[in-house]
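The opening position of the sequence shown corresponds to residue 98 in our numbering, with each subsequent residue numbered one higher.
Treat the hints as calculated values from the structure; they're not laboratory data. Among the hints, erroneous ones may be present.
The calculated DSS-like cross-link candidates involving lysine-lysine, where the alpha carbons are at most 30 Å apart (straight line), are [said to hold, decoys possible]: (1) K150 / K381; (2) K127 / K302; (3) K390 / K127; (4) K246 / K173; (5) K302 / K390; (6) K173 / K150; (7) K127 / K173; (8) K173 / K302; (9) K302 / K150; (10) K150 / K390; (11) K127 / K150.
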Amino acid sequence: MTTSLASTIGPAVPEAVPMSFSGRGREFLKILIAGSLFQIPTFGFYRFWLITKMRRHLWSNTQVAGEAFEYAGTAKELLIGFFIALAVLTPLYLAYFILGLMLEEKHALASIPLVIVMYVLAHFGSYRARRYRATRTIFRGMRFWMTGKGWAYAGRAILWDLATILTLGLALPWASASLERYRMRHTFFGTLQGDFTGSGWTLFKRGVWVWALGIVLVVGLPVGFAAFLHKQGDPAGLWANLTPPFIILLAFLALWPIAMAIFARWQLEGIRFGEVTVSSQLRKRAFVGVFLKLIFSSLAFMICFGLGIALVGFIFKQQILPLLVEFNTVFTHDSELVRESMPGIATVVVVAALLYLVLLLGLGVIQRYFIGRGLWAVMVNSVSVANLPALDAAVAAGQPSGVLGEGLADALDFNVGL
98 MTTSLASTIG PAVPEAVPMS FSGRGREFLK ILIAGSLFQI PTFGFYRFWL
148 ITKMRRHLWS NTQVAGEAFE YAGTAKELLI GFFIALAVLT PLYLAYFILG
198 LMLEEKHALA SIPLVIVMYV LAHFGSYRAR RYRATRTIFR GMRFWMTGKG
248 WAYAGRAILW DLATILTLGL ALPWASASLE RYRMRHTFFG TLQGDFTGSG
298 WTLFKRGVWV WALGIVLVVG LPVGFAAFLH KQGDPAGLWA NLTPPFIILL
348 AFLALWPIAM AIFARWQLEG IRFGEVTVSS QLRKRAFVGV FLKLIFSSLA
398 FMICFGLGIA LVGFIFKQQI LPLLVEFNTV FTHDSELVRE SMPGIATVVV
448 VAALLYLVLL LGLGVIQRYF IGRGLWAVMV NSVSVANLPA LDAAVAAGQP
498 SGVLGEGLAD ALDFNVGL
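Start from the sequences and build out the full structure, keeping to the hints where you can.
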């Protein structure tokens, strides 16, 4: 009777355990503010310690069945990786400089080889950076690790980029599936090999409407608006010049978080480690909400920053106006006046540079808080892991990878802060 009932019901569905993120926003914000302030006297080098603290906070507050992840990387490793990357990139910049001098009349042509090399290194660095982070991620006392070649991945990525361009983006779902499959099949948890089951067709069906709407907004609306202006007899007016980039910006701001949410859920649902499977209930509105908070927080910060400068300027206008007058003497061509005004000019330059730096660091804090922590929390809290006991079969294996990939990611500025 029991056997008959079991055969009727079918095989048991593995129990799904929800992941959770328990990190407090206030604690993460303190890390960001303190780290950003320390970057000023250290000329930006403190960012390696800031990134390490951010990762440790995110990893340690990400839990599955009450067990948290651990980030084992160090700031010293990131610093060494950055210097190694500089040793690789400096000869390239020197070669570009010399080539630019030799081809003085064809400077744009001289930059093409550098752009191509940087483009290839970006793909290579992204794979090696992921490999570094995997080998510094520990769960249940066992590390993740990766095999595979960064150059092989870069070759695949370049070919898929060409296919994506030639198809106006239609090949992107299959490119994403192929590249993620390569990354995951070379990722291990101990002796347990990873896999990726997401298909390009699934991603295409979920996101094709975003692509179609983007084409309409980016191409159709500017063309239609230009035709309207032409009919009104003002084909080269101000609105005709400003509207296309404005529409493109609005289309990007509106569709990008939706596209990211679709991609993130598809990517999470395809993760496998042996019999361990992942599911996600990620909602588009969660991503959109985070991006709206980012946009409005950035605007509020810039408004407050501008009002603060205006208020300080009004209070200390008697001291500031003479400095501005002295700064203006730079443009008078009177060398004697310029020499006499150098202390005031230097003061204006230093203050302006500090204010600009504060503005950039403030916007950086907001971006890292919402994009770094906000999206991380949204994705983690949407995930459930099924058949978690299958991880018990894994045995420790693999070695920590080198730091070149992280260094290239930082030096080429495509590592998005994490």
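Hint by hint, here is what the structure shows:
In summary, the hint linking K150 to K381 is supported, as the alpha carbons are separated by about 29 Å, within the 30 Å threshold. Of the pairs offered as hints, the one joining K127 and K302 is violated, with about 42 Å between alpha carbons and a cut-off of 30 Å exceeded. For the suggested pair K390 and K127, the alpha carbons sit about 18 Å apart, so the restraint of at most 30 Å is met. Distance hint between K246 and K173 is fulfilled; the C-alpha atoms sit about 24 Å from each other, no more than 30 Å.
Between K302 and K390 the alpha-carbon distance is near 29 Å, which keeps this suggested pair within the 30 Å criterion. Annotation: proposed proximity of K173 to K150 holds, straight-line Cα distance about 12 Å (limit 30 Å). Taken as a hint, the K127 and K173 pair is honoured in the structure, with Cα atoms around 22 Å apart against an allowance of 30 Å. In summary, the hint linking K173 to K302 is not supported, as the alpha carbons are separated by about 44 Å, beyond the 30 Å threshold.
Between K302 and K150 the alpha-carbon distance is near 39 Å, which puts this suggested pair outside the 30 Å criterion. For the proposed pair K150 and K390, the alpha carbon gap of about 23 Å is at most 30 Å, so the pair holds. At most 30 Å may separate the alpha-carbon atoms for a hinted pair to count; K127 and K150 meet this at roughly 11 Å.
In this structure, the earlier hints numbered 2, 8, 9 are contradicted, and the remaining ones agree with it.
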